[in-house]
Each structure stands twice: as C-alpha cells, then as structure tokens.
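Hey, can you work out the whole structure from these sequences and the hints?
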Amino acid sequence: MKELKVSPIKHGTVIDHIECGMALKVLKILGLTEEPPEDTTSVIIHVPGSKGCKDIVKLENKELKKKEVNQIALISPDATINIIRDSEVVKKYRVELPDTVIGIVKCGNPNCITNFHEPVEPKFIVESRSPVVLRCAYCNRKLEDVTANLL
Amino acid sequence: MYSPLITMKFRGMDLVSIRDLTVPQMNRIMDVAEGMVPIAKGEKVSKLLDGKILATLFYEPSTRTKLSFESAMMRLGGRVIGFSDPKSSSVAKGETLADTIRMADAYSDLIVLRYRNEGAARLAADFSEVPVINAGDGAGQHPTQTLLDLFTIREEMGEINGKNIALLGDLKYGRTVHSLSEALAMFGAKLSFVSPRGLEMPAETVENVEKIGTKPLITNCLDDVIADADILYVTRIQKERFADLAEYKKVAGSFQVNTELLEKAKKSMRVMHPLPRVTEIDPEVDSTPHALYFRQAFNGVPVRMALMALIMGATE
Ligand SMILES: Nc1ncnc2c1ncn2[C@@H]1O[C@H](COP(=O)(O)OP(=O)(O)OP(=O)(O)O)[C@@H](O)[C@H]1O
Ligand SMILES: [Mg+2]
Ligand SMILES: [Zn+2]
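Here the protein sequences come in this chain order: A and B. Take the first sequence: its position 69, counting from 1, is numbered 68 in numbering that gives the first Met the number 0, and each next residue is one higher. Take the second sequence: its position 36, counting from 1, is numbered 35 in numbering that gives the first Met the number 0, and each next residue is one higher.
Please note that a few of the clues may not be correct.
[As the list claims (entries may be wrong)] So these bits of chain A aren't anywhere near chain B, every CB distance computed over 12 Å:
#1 C19
#2 G20
#3 E37
#4 D38
#5 T40
#6 V46
#7 K61
#8 L63
#9 K64
#10 E67
#11 A72
#12 D77
#13 V88
#14 V89
#15 N110
#16 D144
[What the hints assert, rightly or not] Label-pair restraints from in silico Cβ distances:
#17 B:I211 to A:V46: 44 to 52 Å
#18 A:K27 to B:F293: 31 to 39 Å
#19 A:K141 to B:R294: 54 to 62 Å
Honestly, the hints are just simulated from the structure, not real lab data. Built from N, CA and C at the ideal position, the CB exists for glycine as well.
Next comes the structure, spelled out in structure tokens:
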C-alpha cells in the first residue's frame with residue numbers, strides 16, 4: 000500500500016525528491032504558477048524521508064516533458080519526474096542539467112550587463128555537471144555561488 | 000587538417016572576445032594588416048569600404064581606440080557616425096543599451112562598442128543584425144588590442160613562436176594582459192609574468208595558458224627575466240591598488256623601465272605598452288631602439304582596417 004500525503008491523482012505528473020524547501024522555486028522555474036483552476040497543483044513541503052527532508056509537487060492532468068523540467072536540475076539535481084496514468088506510475092526519469100541555464104540564476108558579477116536594466120535574461124553555459132560549474136554567457140565569469148544568486 | 004572554409008569565415012562575424020578567433024584567422028588578419036600599412040600611413044589611397052558606415056559608440060573615454068577605428072574606416076573610404084560622450088545622447092535619458100544598439104544597427108553597417116559593463120558587447124551582438132566589435136567592456140575583453148599587440152610582435156620579431164615575452168605590472172586587474180597571455184600561448188611564445196606581490200596573474204589565466212601548453216615563469220622580480228626577454232610588455236600599476244602612497248612609490252620604482260634597466264637587456268629586446276603610460280616607462284627610453292610602443296599604437300590602424308575589411312567581406 001502506497002503512502003500518499005495527498006489524495007492520489009488519476010492522470011498527471013509527480014515531481015518527487017525536490018531539494019528541501021525548493022518546491023515553490025520549481026513551480027516558478029517551470030512557469031506553473033497559473034495553471035487552469037480545474038487542475039489542482041499540490042505542493043508538499045518538508046516531507047521527511049530516508050535521505051532527510053524533501054519536497055514534492057503533484058500536477059493534475061499535465062504530463063511534463065523531459066526537456067521542460069531539466070532546468071530545475073540546477074536547484075534539485077536529484078528530482079524525479081513520475082508520469083501518472085490511471086493512478087499508476089507509468090514513466091519515471093531523473094532530471095539532467097541542460098547545456099545552458101536561462102533565467103534561473105543571476106550573474107554574481109555585480110558589474111555584469113545582465114545585472115542592469117537590459118531586456119535580457121541571465122544565461123549560463125554549463126561547463127561541468129559535477130561539480131556544477133556555470134559560466135556567464137555575457138561577462139564570461141564563473142558563477143561562484145548558485146544558491147545565493149537564485150532569482 | 001583545417002578547412003579554410005570554416006576557419007576563415009569573417010564576413011558578418013561579431014568580435015566580442017579573442018576566443019572568437021582561431022589561430023589561422025588571427026594570422027589572416029595580420030597578413031591583411033601588413034598590406035594595409037601604406038594605406039594607414041596615407042601613402043596609398045583605398046576605396047575598399049566606400050559607402051560603408053561605421054558606428055562608434057563609446058560610453059567610456061578612449062582616445063587611441065576610438066581614433067584608430069575612425070581613422071581606419073576613413074582610410075578605407077568609409078564614413079563614421081557615433082558618440083564619445085553618452086551624456087550628449089539619448090543614453091542620458093535612460094535608454095537601454097539594447098535600444099541604442101537597435102538604433103545604431105539601423106543606421107550603420109558595423110558597430111564598435113566600448114561600455115562600462117562586462118558582457119555589454121555580447122548583449123549588443125544579440126540585438127544587432129550588423130556585426131559588433133568589442134572595443135572594451137568594463138574589466139572584460141578588448142580583442143582588437145590583443146590583435147594589434149600580436150601584429151606588433153610578429154612585425155618586429157618575424158614570428159611569435161619561441162619568443163620570450165615578459166608581461167610586467169598589474170597583471171591581476173590589467174584588462175589587456177589576460178587575453179594577450181592566452182593568445183601568445185596559442186602562438187607558441189614563452190611567457191613570464193612579472194608583477195608586484197598581490198597583483199599576480201589570476202590563477203584562471205595561468206591555468207588556461209598551461210592548458211594551451213606553455214608553463215609561464217612567475218616572479219615578483221624584474222631582474223629574473225630582463226636578460227632573456229625578447230619583448231617586455233609593460234602595463235600600468237595603479238595607485239588605488241595600494242594601501243598607502245609610500246608603498247605604491249616603492250613598488251612603482253622597482254618596476255620602472257629606464258635606461259639603466261635596459262643595459263641588462265638584449266640589444267634586440269623591445270618594450271611595449273598599451274598606453275597611456277604614466278611613470279612606468281621613463282621618457283628617456285622613448286629615443287632608444289628599445290621603444291616599440293609608439294609603433295604599437297600606430298599599428299592599431301592597419302590591424303583595425305584589416306579586421307573591418309574582412310568582416311565587411313571586402314577582403315577575403
Ligand atoms: N496516483 C498517484 N497519485 C499521486 N501521487 C502518486 C501516485 N502514484 C505515485 N505517486 C507518488 O509519486 C512518487 C513516485 O512513486 P513510486 O511509486 O515510483 O514511489 P517510489 O518507489 O518511492 O519511487 P522513488 O524510488 O522514485 O522514490 C511518490 O512520491 C508517490 O507517492
Ligand atoms: Mg520514494
Ligand atoms: Zn555575467
């Protein structure tokens with residue numbers, strides 16, 4: 000018997016193993032803050048688990064594509080995407096950091112052009128995945144502290 | 000084997016960082032620049048860029064870079080629009096760089112930009128259809144300075160490969176020395192980094208140079224390199240980097256290039272400097288055969304002519 004904190008969903012997506020406290024950031028990155036009212040989005044924050052605390056997001060009637068979710072790898076490298084059909088998990092994949100990260104973190108260089116009022120989103124080239132090394136596509140500096148620069 | 004079709008494509012390209020260029024491309028620019036020298040001197044007339052308009056957008060003061068770009072364009076028969084005082088333009092009214100670039104894009108065939116923020120030229124290239132050349136973005140890149148430095152060394156020494164090149168001064172904050180070091184390494188030069196304590200070459204640049212395949216000599220003492228150097232590339236040491244004036248004077252003194260120091264150098268050794276200089280090169284050096292910095296400054300014109308002719312597709 001599965002233990003479910005919220006009522007089970009019939010069709011949709013469960014984003015599991017989100018870094019503790021990052022669920023709302025995940026929704027923001029995925030642009031899921033204005034879903035149609037008939038489709039419930041459940042956000043469960045601070046779920047105790049075997050590896051400490053995690054967050055979970057459950058989206059009804061929406062199947063997220065792998066490409067759409069990869070951007071969250073930066074803030075939740077261990078997140079899994081579970082596609083639910085007829086109340087069963089039919090597909091499961093882990094997020095993977097893409098080659099570029101756009102609009103999620105700002106550049107740590109205060110003199111970088113992206114930190115001024117210009118119509119561009121901060122953009123980083125992923126130079127290495129473990130450890131994560133991001134280089135600003137504009138000023139070319141390495142981003143030293145990802146968490147401190149989350150948007 | 001390299002394909003000339005891929006590596007030699009210039010037409011329409013942006014030049015934001017020296018890393019946008021391959022070694023064959025840099026060689027090609029230098030070859031074309033050589034042919035431009037008589038035109039740059041006014042001994043020959045050219046109409047190569049007849050009808051073309053260059054926009055020079057200088058948000059920060061610069062004499063040499065702006066004038067040499069403008070001279071280069073006019074020597075090739077083109078025309079120039081632009082500003083060097085953003086207070087006199089709509090920038091003062093709070094217009095974004097992106098919008099100014101969109102406007103310059105509509106009015107010109109090529110944009111040269113100097114801006115206070117790092118990454119500005121990359122942003123400009125995003126918003127512009129016409130090519131953008133970076134003429135300095137804050138503490139970032141200044142690729143045409145690197146090109147003219149390479150050209151000057153090649154012109155004077157015949158080649159760059161195997162030459163002992165000592166970079167001297169503030170190597171930590173000096174904008175030109177980081178990309179120059181990497182480019183010199185790509186050409187097979189032997190490098191020495193000589194700086195006051197605390198103003199050493201950043202670890203990242205040292206690492207990059209080593210990755211390219213040369214291990215630089217790193218020292219705080221000019222005497223370690225002066226006898227072997229073929230080129231002494233001098234940069235400014237700024238007062239503001241020191242806690243007190245006495246300390247600055249002591250350091251500046253021990254890094255000054257003067258005729259006494261030059262006695263320890265090879266006869267063929269040449270002194271370069273991106274200019275403007277303050278006290279780091281004694282004016283008495285100017286009249287010695289060691290002084291290469293005025294020639295270097297002149298070379299900004301033929302090198303920028305070559306670059307613009309190639310980017311405009313007027314030269315293959
Ligand atoms: N029908 C459903 N409605 C809502 N949530 C569901 C449904 N089915 C599964 N889940 C949730 O989706 C996540 C993945 O389910 P799964 O059954 O694969 O769990 P698991 O075996 O613990 O997987 P993992 O090893 O990835 O943690 C869990 O958080 C689970 O509670
Ligand atoms: Mg589980
Ligand atoms: Zn940046």
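Item to complete: Would you pick out the hints that fail for this structure and give their numbers low to high?
Response: 15, 18 and 19
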